[in-house]
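Number of protein chains: 2
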Amino acid sequence: MKIGIFYRTDYFKAAEVVYSALKDEFEISFFKDSSENFQPESNVSVVLSVGGDGTVLRTLKKVQCPVLGIKAGRLGFFSGYLLNEIDKLVKDLKSWNFIEDKRWVLRIESEGLNYFAINDAVLLKNVEQKIVDFLVEMKDGTFYYHADGLVVSTPTGSSAYALALGGPIMLPNVEAFEITPIAPQFLATRSLVIPSSEKIRISANEPVNLVLDGDILFRTNEIFVKKCTRNIVLLRPKTYDFSTSIKEKIGYGKLILGNGNQV
Amino acid sequence: MKIGIFYRTDYFKAAEVVYSALKDEFEISFFKDSSENFQPESNVSVVLSVGGDGTVLRTLKKVQCPVLGIKAGRLGFFSGYLLNEIDKLVKDLKSWNFIEDKRWVLRIESEGLNYFAINDAVLLKNVEQKIVDFLVEMKDGTFYYHADGLVVSTPTGSSAYALALGGPIMLPNVEAFEITPIAPQFLATRSLVIPSSEKIRISANEPVNLVLDGDILFRTNEIFVKKCTRNIVLLRPKTYDFSTSIKEKIGYGKLILGNGNQV
Chain X
1 MKIGIFYRTD
11 YFKAAEVVYS
21 ALKDEFEISF
31 FKDSSENFQP
41 ESNVSVVLSV
51 GGDGTVLRTL
61 KKVQCPVLGI
71 KAGRLGFFSG
81 YLLNEIDKLV
91 KDLKSWNFIE
101 DKRWVLRIES
111 EGLNYFAIND
121 AVLLKNVEQK
131 IVDFLVEMKD
141 GTFYYHADGL
151 VVSTPTGSSA
161 YALALGGPIM
171 LPNVEAFEIT
181 PIAPQFLATR
191 SLVIPSSEKI
201 RISANEPVNL
211 VLDGDILFRT
221 NEIFVKKCTR
231 NIVLLRPKTY
241 DFSTSIKEKI
251 GYGKLILGNG
261 NQV
Chain F
1 MKIGIFYRTD
11 YFKAAEVVYS
21 ALKDEFEISF
31 FKDSSENFQP
41 ESNVSVVLSV
51 GGDGTVLRTL
61 KKVQCPVLGI
71 KAGRLGFFSG
81 YLLNEIDKLV
91 KDLKSWNFIE
101 DKRWVLRIES
111 EGLNYFAIND
121 AVLLKNVEQK
131 IVDFLVEMKD
141 GTFYYHADGL
151 VVSTPTGSSA
161 YALALGGPIM
171 LPNVEAFEIT
181 PIAPQFLATR
191 SLVIPSSEKI
201 RISANEPVNL
211 VLDGDILFRT
221 NEIFVKKCTR
231 NIVLLRPKTY
241 DFSTSIKEKI
251 GYGKLILGNG
261 NQV
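First to last, the protein sequences are chains X and F. Heads up, the first sequence is in full-length UniProt numbering, so the first residue is 1 and it goes up one at a time. Heads up, the second sequence is in full-length UniProt numbering, so the first residue is 1 and it goes up one at a time.
Don't read these hints as lab results, they were simulated from the structure. Careful: at least some of the hints might be erroneous.
Copies of one chain are not kept apart here, so a pair can be met inside one copy or by any two copies together.
Claimed, not checked - When the alpha-carbon atoms are kept at most 25 Å apart in a straight line, the in silico SDA-like pairs for lysine to any residue are as follows:
no.: 1; residue 1: K94; residue 2: A21
no.: 2; residue 1: K88; residue 2: C228
no.: 3; residue 1: K199; residue 2: D10
no.: 4; residue 1: K226; residue 2: P172
no.: 5; residue 1: K238; residue 2: E128
no.: 6; residue 1: K199; residue 2: Y240
no.: 7; residue 1: K238; residue 2: D87
no.: 8; residue 1: K139; residue 2: S196
no.: 9; residue 1: K13; residue 2: E27
no.: 10; residue 1: K2; residue 2: F26
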């Protein structure tokens with residue numbers, strides 16, 4: 001089994017710990033800083049990503065194989081193992097003892113180019129721009145937003161930027177997009193939940209920034225969004241479940257009170 | 001074609017207008033106050049409901065056939081025609097010129113009894129009760145809420161009570177439940193969006209009121225919710241679409257500014 005390792009620049013020491021633990025047990029295809037312009041070979045079985053969610057996102061965009069996050073960053077919705085669980089990880093890799101957490105992603109077309117996004121596609125005005133008119137069109141109807149920006153997110157992205165904007169928490173296997181406006185006028189602050197079978201066109205009355213999973217691409221006044229035929233796969237320990245993760249990371253749905261209040 | 005008519009008590013005069021317009025053209029199976037304890041015969045093709053959304057909800061619970069709302073109430077998410085469109089309605093009935101707006105509903109089991117709900121199932125404490133501990137359990141995980149109540153809604157119900165509690169707007173064909181807490185502690189104010197394939201158990205640390213589509217049933221500390229195998233069908237004019245309806249009723253996604261701001 002060939003294994004690749006990407007790490008975040010400032011987690012090089014942590015990444016070396018991972019590399020050392022794996023190098024005698026597996027064939028290490030590469031060991032690279034994720035910010036480098038490096039395209040891994042395609043016969044890698046799994047790529048480990050040492051860093052936070054940003055590093056995992058960057059890794060998922062470079063490879064087609066499953067990705068396993070080793071948490072060194074702060075939040076870690078995408079991470080599977082902690083740095084002090086390397087022994088367990090080696091054991092689990094040998095027997096492929098994982099949950100394959102498959103997530104669907106967005107396909108975005110803009111300016112004749114195609115992209116995919118795991119969390120979200122954001123249209124956002126510059127600071128010096130005036131408030132923008134957005135038009136959302138699909139088979140199910142048409143909606144207008146007079147706002148600083150719009151976020152189209154997957155269920156995976158519902159715990160990212162959309163959550164910060166007031167959106168709901170969506171379980172990862174919900175087949176729906178979520179559109180959440182950024183600073184909308186006229187109290188239209190709610191998210192719109194749309195079947196993932198829809199094909200959505202979003203246009204703006206003037207060009208705005210297109211930001212995919214946090215990466216600024218270019219300015220445009222039109223994007224098309226639909227569900228991508230491709231999935232991504234995150235490897236998780238067998239003990240993983242989303243509800244525990246959301247409780248630990250943001251406290252949503254957590255039992256906070258002590259005894260005497262149990263259900 | 002046999003047609004039934006249910007009306008809200010205080011809309012008797014409006015209902016008489018409807019009855020008069022239809023009686024020479026169709027066989028009227030019944031013409032009844034919706035609050036009466038009356039069970040229609042099963043061979044009716046369509047039941048007209050003269051009143052607001054509450055009257056349509058009550059009508060949908062009494063019959064298995066498609067229901068057509070004639071708006072006399074205030075909001076009217078469920079209504080199809082206005083009282084002054086009776087001529088068009090008669091014409092459309094003759095040629096069955098409608099959109100059959102099929103909506104999926106909830107099946108609720110509690111205290112050994114089964115119910116269905118079109119908008120929502122609400123668990124709510126009495127005014128004199130202390131804040132309640134709710135436990136939501138399903139295959140996808142477990143969530144706790146320390147709150148006055150919990151609302152489980154369909155996409156149809158997302159524009160009803162759940163909206164008033166801060167929930168998102170869901171397009172009617174989204175295959176997801178929405179759980180929204182009422183006055184939750186610890187900032188857990190967001191809605192949780194759950195695949196409609198889930199089977200949900202909700203328990204409380206003490207009995208609370210079970211309210212289905214606004215009707216108070218009884219007090220319980222356990223309900224089971226899943227998608228019902230049964231659908232309901234609302235008849236709409238061919239011009240109907242949900243996005244227009246939500247724009248007109250609550251202004252969400254509406255183009256509010258005048259010229260110069262069009263997209």
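### Query
Hint by hint, which ones does this structure get wrong, listed from lowest number up?
2, 3 and 5
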